[in-house]
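Build the complex: two chains, separate frames, hints provided.
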Amino acid sequence: MSTGQMTAPKVHREQRRTAAPEPTRGRAAPLAWLAVPALIFFVAFAVVPLAGVLVLSFTNWDGIGAITPAGVSNWLNAFADPGMYHALWLTFVVMVVSWLVQTPISLLLGVFTAGSQKYRALLAVLYFLPLLLSSAAIAIAYKALLDPNFGLAAGLNMPLLAQDWLGDPGLALGVVIFVIAWQFVPFHTLIYQGGVRQIPRSIYEAAEIDGAGKVKQFFFITVPQLKYTIITSSTLMTVGALTYFDLIFVLTGGGPGNATRILPLDMYLTGFRANLMGPASVLAVILVVIGLALALFLQRLGGKDRTGSQLEGM
Amino acid sequence: MKGRRRLGRLNLPGGLAGWLWLGITIVPIYYIVITSLKTQAGYFGQNPLAPPVSPTLENYRMVIEADFTRYFFNSAIVTVGAVIPTLAVAFMASFAIVRGKGKFLAGVNALFLMGLAIPLQATIIPIYLMIIKMNLYDSLLAIILPSIAFAIPLSVLIMCNFIRDVPNELFESMRLDGCSEWQTMWRLALPLTKPAIVTVGIYNGLGVWNGFLLPLILTQSPELRVLPLGLWTFQGEFSVNIPAVLASVVLTTIPVLVLYIVGRRQLLSGLTAGFSK
Numbered sequence: 138m139s140t141g142q143m144t145a146p147k148v149h150r151e152q153r154r155t156a157a158p159e160p161t162r163g164r165a166a167p168l169a170w171l172a173v174p175a176l177i178f179f180v181a182f183a184v185v186p187l188a189g190v191l192v193l194s195f196t197n198w199d200g201i202g203a204i205t206p207a208g209v210s211n212w213l214n215a216f217a218d219p220g221m222y223h224a225l226w227l228t229f230v231v232m233v234v235s236w237l238v239q240t241p242i243s244l245l246l247g248v249f250t251a252g253s254q255k256y257r258a259l260l261a262v263l264y265f266l267p268l269l270l271s272s273a274a275i276a277i278a279y280k281a282l283l284d285p286n287f288g289l290a291a292g293l294n295m296p297l298l299a300q301d302w303l304g305d306p307g308l309a310l311g312v313v314i315f316v317i318a319w320q321f322v323p324f325h326t327l328i329y330q331g332g333v334r335q336i337p338r339s340i341y342e343a344a345e346i347d348g349a350g351k352v353k354q355f356f357f358i359t360v361p362q363l364k365y366t367i368i369t370s371s372t373l374m375t376v377g378a379l380t381y382f383d384l385i386f387v388l389t390g391g392g393p394g395n396a397t398r399i400l401p402l403d404m405y406l407t408g409f410r411a412n413l414m415g416p417a418s419v420l421a422v423i424l425v426v427i428g429l430a431l432a433l434f435l436q437r438l439g440g441k442d443r444t445g446s447q448l449e450g451m
Numbered sequence: 040m041k042g043r044r045r046l047g048r049l050n051l052p053g054g055l056a057g058w059l060w061l062g063i064t065i066v067p068i069y070y071i072v073i074t075s076l077k078t079q080a081g082y083f084g085q086n087p088l089a090p091p092v093s094p095t096l097e098n099y100r101m102v103i104e105a106d107f108t109r110y111f112f113n114s115a116i117v118t119v120g121a122v123i124p125t126l127a128v129a130f131m132a133s134f135a136i137v138r139g140k141g142k143f144l145a146g147v148n149a150l151f152l153m154g155l156a157i158p159l160q161a162t163i164i165p166i167y168l169m170i171i172k173m174n175l176y177d178s179l180l181a182i183i184l185p186s187i188a189f190a191i192p193l194s195v196l197i198m199c200n201f202i203r204d205v206p207n208e209l210f211e212s213m214r215l216d217g218c219s220e221w222q223t224m225w226r227l228a229l230p231l232t233k234p235a236i237v238t239v240g241i242y243n244g245l246g247v248w249n250g251f252l253l254p255l256i257l258t259q260s261p262e263l264r265v266l267p268l269g270l271w272t273f274q275g276e277f278s279v280n281i282p283a284v285l286a287s288v289v290l291t292t293i294p295v296l297v298l299y300i301v302g303r304r305q306l307l308s309g310l311t312a313g314f315s316k
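Taken in order, these protein sequences are the chains called A and B.
Counting from 1 along the first sequence, just add 137 to a position and that's the residue number in the numbering used here.
Counting from 1 along the second sequence, just add 39 to a position and that's the residue number in the numbering used here.
Chain B extracted, bound-state conformation (with noise of 0.2 Å):
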């Protein structure tokens, strides 16, 4: 209800600048994926923006030929084994930072909120001298640790918000009851913080699986490979099959975009709420 009419204000600039980036958003996209249906023949031979004469899908079965599904697995492994301890870690944090008192707890929250501001890519060169050291070179769980840690400061940011959006009567009621912090923590606070934690789970995820820089640097076997790695080494590899790289390109995509599309309204609302305030 609350704001409907004011909301159409600026129609006009924004309505057009919003109809041409859909524009811009939208072309890529379609010429990604049309020209991934497309025979070598029919890219040299047609107009690029129209559609497949012969449509095939003989890109994607090399592409999945090509080591894609091991890719897939190592990402699936990187991402799952970093956002789950992220959330949990993150969750108990912003439990304590937004119940509890004390300067401990202050500077916890001070540091995590200065990590936003830190460019964590800038510490990766002792990232990898620490992983040589504790004999994780080449393995995906030298990927896992760094991500977790990189992706903290958000998730305790996003959720901290919505804990604190909890009403006091409910933690005192709660309190009442006879209940510990800890119990009120998964009783109370986890069930009413589901929606950041499905965001803070999605956006780490989306971070985690499209990550290139970690696993560039903490990885070298080709069975080690992630996606965003495999995809820039296919390429390098197919550079003149140029349907062939880009069925690669929706290959990778194509997972993310299942989630969103599963996931979707809760990342938005949850994102919406965790930046805007």
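One chain only, chain A, in its complex shape (with noise of 0.2 Å):
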């Protein structure tokens, strides 16, 4: 392409249309038609949802029925019913603990295959494998490698893994948060890898100079470097933790007792099991509260919106 000549026109070009007032407005009418299809099937199925669930929370429902106004009773029955702050207080230990184990792993396992050896790039295949099967698919394994008789525990012969792994309501908890770490992991492994490669190779460079060691190097430079990606993925992974029903509905039904009742499982049974729909929908405001106040409080970290800090990786 020989860019020389076409300097020329381009300059008579952008003088004329300086000329004019607003020479973009004209351009960005016609433009902004291309968003509204986009932006119908959002505001139609996630908008209007949206407000839907918050007028819906203060109305009771069957799920059939005629939906009749409540008032707050809803609202008021929530804050004074001990099973809600025991979903609320699981759906943060599962966020937190979720977190604080797949983050460093996902992290180290971003950098290792973001080198180049040909090992490594399997390894990342085989790694990926998980994201595949969908976690009903995943729960309805675990259940059958959980077996004290069958699965794992005997295979490998050791009987300290011969545990009721399922039916033990400390447990119950773990293996959801080892399960669903063994489903994201990979994901946010394949994030950190694409991050770690984007960080330019001189700053390595100049640190070795001034005699930084690896160790001082992975967290002064790769860790600062990575900052955006963290935001990015503990962003996805937090806010994931307030979507997690299939995985545990699936493999432990929320049991045993209520074990591992999350909120947006609660929210669930409450809803379509019970056929208490204002009630439900109380909980689902919750989780959105819950959801945007992370996000923001994520963003916020990184000390910059998301658009800007995607424009600043660029």
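Hints may be right or wrong, so weigh each one.
Not the full set, but computed from the structure, chain A residues with beta-carbon under 8 Å of chain B [claimed, not checked]:
(1) L168
(2) P174
(3) V387
(4) L429
Under 8 Å between C-beta atoms, here's a sample of chain A residues computed to sit facing chain B [as the list claims (entries may be wrong)]:
(5) F178
(6) S271
(7) A273
(8) P285
(9) L289
(10) L327
(11) T380
(12) D383
(13) P401
(14) N412
(15) M414
(16) A432
No wet-lab data here; the hints were simulated from the structure.
By construction, the Cβ of each residue, glycine as well, lies at the ideal position given by its N, Cα and C atoms.
Printed below as a string of structure tokens:
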């Protein structure tokens, strides 16, 4: 492409354009129409329901019959219900422990697989496999795998592993967190791998000249350079914890007792099993508020809004 | 070329974690596959991690006869029906957001970015109500419509990142050639964004194919079941026959695995670029 030849008419054209008042405005109008179809879908099935769930939280509905106003009673009941606080606490535990478990592993694996040896590429392929399985499939497989007599424990001949993993309230929550990590660490590894590959090599060379060791380089270069990657990954991880439903639903159904009944599952069971759509909507609103608060908090942590950080990375 | 050496860093802990995690990933998958090839007797009699003494495909035959093909086609219809419109509307919106100006598009962009932070599952009760009111309850379309909406924010985010990378000079030269924005979109942005479109397509396809909540809530007829739901009901019915249940797990994964093998390079590079900016 001969850019030299293009420069002259371009300048000419730019001059003409600046002469016209607000030239970009003319192009903006037809372009805006292109965003309308996506906007319609999103508004119809995300924004309207979002408003709808707030409205429904002030009503009673059994899922079939008429919707009747309920005032603030659903909200008062929710806040008086120990079950809600229990679900909220479990959600918090799953979110925080998942983050603490998954972030270091994904970060290490991401840095590791960003290398260029062939076997690392092969590892990265194998890591990806859990992402292909549906949560239902994973939950079903783990149920079989955790069977004390016919599962992994018997296979490895390790009595220590032969526990009633899904029947013991304390263990079941641990299992849920582990299986979530099994499913999602590959995805976050991939995100970190991409982030690491974008760090300019010259920074490391400079550090090397200054005599910084590898551990120092990791903590003072790699980690700070991955700041936005860490924020992206953490946002997806923590907000994701508010959507864990199918895995836990199939794996434990919230049990034993209510030991793994985290908020999204609690919402489903309240709404679609107990047919209490009003109280379930209250739980849904709480989920939305937590999600938004988390995302805003994490963005604030980054010091810039998301679009800004993305432009920055280019 | 760039960064070969620095990436050799952290070899020891990274490498250890790498191999350890490989074991954690592979053992359950290995267990699923070998168990699915065992007879009931083999399942109860053998070491669970030993390969089957007399491998059998009987479990697979049984699963396929138990309506697997119907679930498969339902899943295929829902996935294609959701992914194609998602790609079309998200691509046009991304092009507008990157190329256009003005408060409207900035607002649309902000709205989609906010959508990333909202657990959209929390909107399932009003969606259920809307689908009933629209007379779409218990149809495949009921799954498709919300799936499109749920997929838009991330699709737009990834596609915008790609379109932003198109050098401005290319857009300028298109304009000099007298192309309208519409032509620029199809002739310039679309071919250059193809990797992102494939990535987003596979990623969303995976999400819809594996989706569980929407089919669970918005359909009820057995003949409208999609694979994950079919898997779940099958598990309930055949919970005593673990090899058959695991055969159904393998069967539901094979189509995705094939797709992954075909589009792997594209998917990985696209996801990497889409998320790490």
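Here is what the structure says about each hint:
no., hint, result
1, L168, "holds (4 Å)"
2, P174, "holds (4 Å)"
3, V387, "holds (6 Å)"
4, L429, "holds (6 Å)"
5, F178, "holds (5 Å)"
6, S271, "holds (3 Å)"
7, A273, "holds (4 Å)"
8, P285, "violated (11 Å)"
9, L289, "holds (7 Å)"
10, L327, "holds (6 Å)"
11, T380, "holds (5 Å)"
12, D383, "holds (4 Å)"
13, P401, "holds (6 Å)"
14, N412, "violated (11 Å)"
15, M414, "holds (5 Å)"
16, A432, "holds (3 Å)"
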